[in-house]
Amino acid sequence: MKQLEDSQLETFDTEYVNDKRWQIIKEQIERDFPEGDFTFLDVGGGNGLFADRLLSNYPKSRGTVLDNSELLLSKNKSNSRKI
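Our numbering applies: residue 7 is where the sequence shown begins, and numbers increase by one.
No lab work stands behind these hints: they were computed from the structure.
Mixed in with the good hints there might be a few duds.
[Stated by the list, open to error] Here are the in silico distance ranges between beta carbons for each label pair:
#: 1; residue 1: LEU72; residue 2: ASP43; range: 20 to 30 Å
#: 2; residue 1: ARG37; residue 2: LYS8; range: 14 to 24 Å
#: 3; residue 1: PRO40; residue 2: LYS8; range: 33 to 43 Å
#: 4; residue 1: LYS8; residue 2: GLU36; range: 37 to 47 Å
#: 5; residue 1: LYS8; residue 2: GLY42; range: 29 to 39 Å
Just so we're clear, the structure is a prediction, and the values are computed from it rather than from any experiment.
Quick reminder that beta carbons are idealized off the backbone N, C-alpha and C, glycines included.
Could you put together the complete structure from these sequences and hints?
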């Protein structure tokens, strides 16, 4: 698999889920998982900001962040519910 150069990855080191998008996602999660107990896989999750937001809002959730960039993965905050 071809990987981007570290200098190119700087563009992806951001959170793309703004408040409007988050509200849509949150409504779907709360409809499908009213207890907030779910497991997710964040493919291409890079720096883990989206996963951190899910884990913060849903304390019973657990997640895995998958990315082919060691640089972005190294920016993930440690969390016992995230691998």
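**Report entry** Violating hint indices (sorted, rising)
**Finding:** Failing hint: just 2.
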